[in-house]
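Heads up: the sequence lines are chains A and B, in that order.
Going by our numbering, the letters in the first sequence line up with residues 24 to 591, in that order.
Going by our numbering, the letters in the second sequence line up with residues 4 to 118, in that order.
Watch out, some of these pointers could steer you wrong.
As the list claims (entries may be wrong) - So, partial list: chain B residues that the calculated Cβ filter (under 10 Å) puts toward chain A:
| hint | residue |
| --- | --- |
| 1 | M4 |
| 2 | L8 |
| 3 | L10 |
| 4 | V14 |
| 5 | V16 |
| 6 | G17 |
| 7 | V31 |
| 8 | I32 |
| 9 | V42 |
| 10 | I46 |
| 11 | A48 |
| 12 | L75 |
| 13 | T82 |
| 14 | D111 |
| 15 | E114 |
Stated by the list, open to error - Some residues of chain A that are not near chain B, with every Cβ distance over 12 Å (derived):
| hint | residue |
| --- | --- |
| 16 | T85 |
| 17 | G135 |
| 18 | E188 |
| 19 | A311 |
| 20 | L330 |
| 21 | G360 |
| 22 | R392 |
| 23 | T430 |
| 24 | A437 |
| 25 | A441 |
| 26 | R464 |
| 27 | A479 |
| 28 | I517 |
| 29 | A565 |
What the hints contain is simulated information worked out from the structure, not anything from laboratory work.
Being a predicted model, the structure only gives us computed values, none of them experimental.
Glycine included, C-beta positions come from ideal geometry on N, C-alpha and C.
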Amino acid sequence: MNGAPLPDHMIIAPILVPLVAGAIMLFYNDSNRQTKMLIGLAAVGLTFLVSVELLADVKSATERGGTVVGLYRLGDWPVPVGIVLVLDRLSAMMVMLTALLAAPSLIYAAAGWHGKGQHYHSMFQFLLAGVNGAFLTGDLFNLFVFFEVMLAASYGVMLHGSGPERIKTGLHYIAINLAASLLFLIGVALVYGTTGTLNMADIARALSRLDGADRPLFHAAASFLGLAFLIKAAIWPVCFWLPPTYAAASPPAAAIMAIMTKVGVYVILRLSLLVLGPDAGVSAGFGAPALMIGGIVTMGFGMIGILGAPELGRKGGYLAIISSGTVLAAVGFAQAGGGALMLGGALYYLVGSTAAISAFFLIAEPVSRGDGGDDAPQEPPDPLRERWAPMGLDTVEDTSAPASERTVSWLTMAICFALVASMLAGLPPLPGFIGKLAILRGAMQDNLGPAGEFPAILWAYLAMLILSGLGALIALMRFGIRRFWANEAPAPRILALEVVPVVLLLAMIALQTLRAEALLNYTHATAIALLEPGTYRDAVLAQAQDVRAAPTQNIVPDLPRDGQEAAP
Amino acid sequence: MEVILALAIGVLVGSGVWLMLRPRSYQVIVGLCLLAYGVNLFIFAMGRLYIGAAPIMPKGGFIDPAAYADPLPQSLVLTAIVISFATTALFLVVMIAARGVTGTDHVDGKERNQS
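Chain A with its partners taken away, still in its complex shape (with noise of 0.2 Å):
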């Protein structure tokens, strides 16, 4: 179109194919679900694909010295008026990692899951649109239409299944998740009503104008953004709905909604480094020391609560808040100024991390099949069934036999547990070592003062990044003694289909360890260039008028609106 270094119309790419595959699946009759799987693992591979091509693209402008940042303007309307899909380092990677959790969460589904309800597989796409628009979009507000799209799907998918457990629980998630829209939204137009408008870029700049008066407006969009995102976020103390949730989904939807807890990270990360960054002026690090202390104290909840959690689903959901907690208060300490090296530490980290505790939901629910205290609620008693059926819940048909009858031994189940829990715990060689090593090294390269001083706060942090890792190492070989070795029960039947999505994700885990220096690289890289919000301000808002710069009066009349869209 204009000679872009980027391929344009590739950046809507990762929304429209899932959008897209989950719409013609609903012409198929829901009973055709090894088709709808295959259509489904399609649009995964496709968007893998695209992703792959995006993260190309996004590198080689870096290394051309070019522009680092993609921009795709819907309708071609002029920047500050119209929505733009904007693509940079992080969310090219974003993108990726969800089509690479996507696939092991489909195939998984096909064990039998995605035959305990209606329309799965339609749901599980259009959650994955959703979620690859909110990485993409450099709207607010289309960033609220995203969000919701992902929030609407994924009250479907945790439903799935049905039963009390999971109704009971889906009452809370959904009603959490409501008033956190509704704070979302109070933040967007206190936004708009002070700087006058909801692009990304566009608000960081206009933010250098405002008056005394709208400043402190403007922190109180900052903080009810903010509240709405960490919510999703999980951080302490608005966490305490992801544990039963988590536990209560089904192990597939537990395993992609590990991604939706880094929406809310990403959008965290996001728009505190754009907009409330080091250049930001007055406003510079709000809401950092937050992020800081909120992140530490997260990490420190969810230390306690994957000690104390008996069932294996509960301690999956605190190695996700611990996860969170973790790269939240890293976003605070860049924010803060602690360096880019730390940053591209925490990026490699979530990476890993949230790979890892897709796979840890995944092999959650065969490892613990069979054991007493498991409330896995495949099937519900009896009673219930009578109590249930006049509300229509027990005609979920379950006629789909297995894509695949083969088993796997129980001796395979051992370590893929033990690979994952050594993964989560951070030990050496994997990639949670290798992250917290790299955010070690960077907070001590970074921020040691001349004398040998250091922060407390940050003391306090790298404490922390050891003993969640402890506590979580602790409480999975605890679990792991007393399931695989006194255990003298007979081992359950485990099919292969839930096995092989757990080796693809280890193999993921695997080859981020092998290639460690290349990811952490690109994750340095990510780093620096989100610590120079200039370059993507710059990127967005290069072709913008800047519409507030001009008196009102002084307005050059415009041309009418179909002269305006032939003018480019």
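Please arrange chain B on chain A, whose structure you already have, making use of the hints.
Okay, now just chain B, sitting in the frame of chain A:
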């Protein structure tokens, strides 16, 4: 007008929050609805208040921007209404299902004095 609008938003949000913290699921959903109304009015107010001003320019271009209302918050409110309406309807379905499954309308699925 400002005072009336501010009071309306305040009353809606205040009663919405109070109802949302109640233990019955029906109270929660009414609270969420009231909260959504308050928020929608608030978005509307963020585009500044105009009386008798249309949000759409006539064909032919600008005449006097001061004579027109800000169209953006109106479209935002429209989107927000649709989305909160749809998600509230979905919440209602789950609420009815929870009532059927647990046999109580307490949000925790059991009465407080029940173990």
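Tested hints:
no. : hint : result
1   : M4   : violated (17 Å)
2   : L8   : violated (13 Å)
3   : L10  : violated (17 Å)
4   : V14  : violated (16 Å)
5   : V16  : holds (9 Å)
6   : G17  : violated (14 Å)
7   : V31  : holds (6 Å)
8   : I32  : holds (8 Å)
9   : V42  : holds (5 Å)
10  : I46  : holds (4 Å)
11  : A48  : holds (8 Å)
12  : L75  : holds (7 Å)
13  : T82  : holds (7 Å)
14  : D111 : holds (7 Å)
15  : E114 : violated (14 Å)
16  : T85  : holds (35 Å)
17  : G135 : holds (22 Å)
18  : E188 : violated (9 Å)
19  : A311 : holds (26 Å)
20  : L330 : holds (25 Å)
21  : G360 : holds (32 Å)
22  : R392 : holds (23 Å)
23  : T430 : holds (33 Å)
24  : A437 : holds (35 Å)
25  : A441 : holds (36 Å)
26  : R464 : holds (44 Å)
27  : A479 : holds (37 Å)
28  : I517 : holds (29 Å)
29  : A565 : holds (23 Å)
This entry does not satisfy hints 1, 2, 3, 4, 6, 15, 18, going by the numbered hints stated previously.
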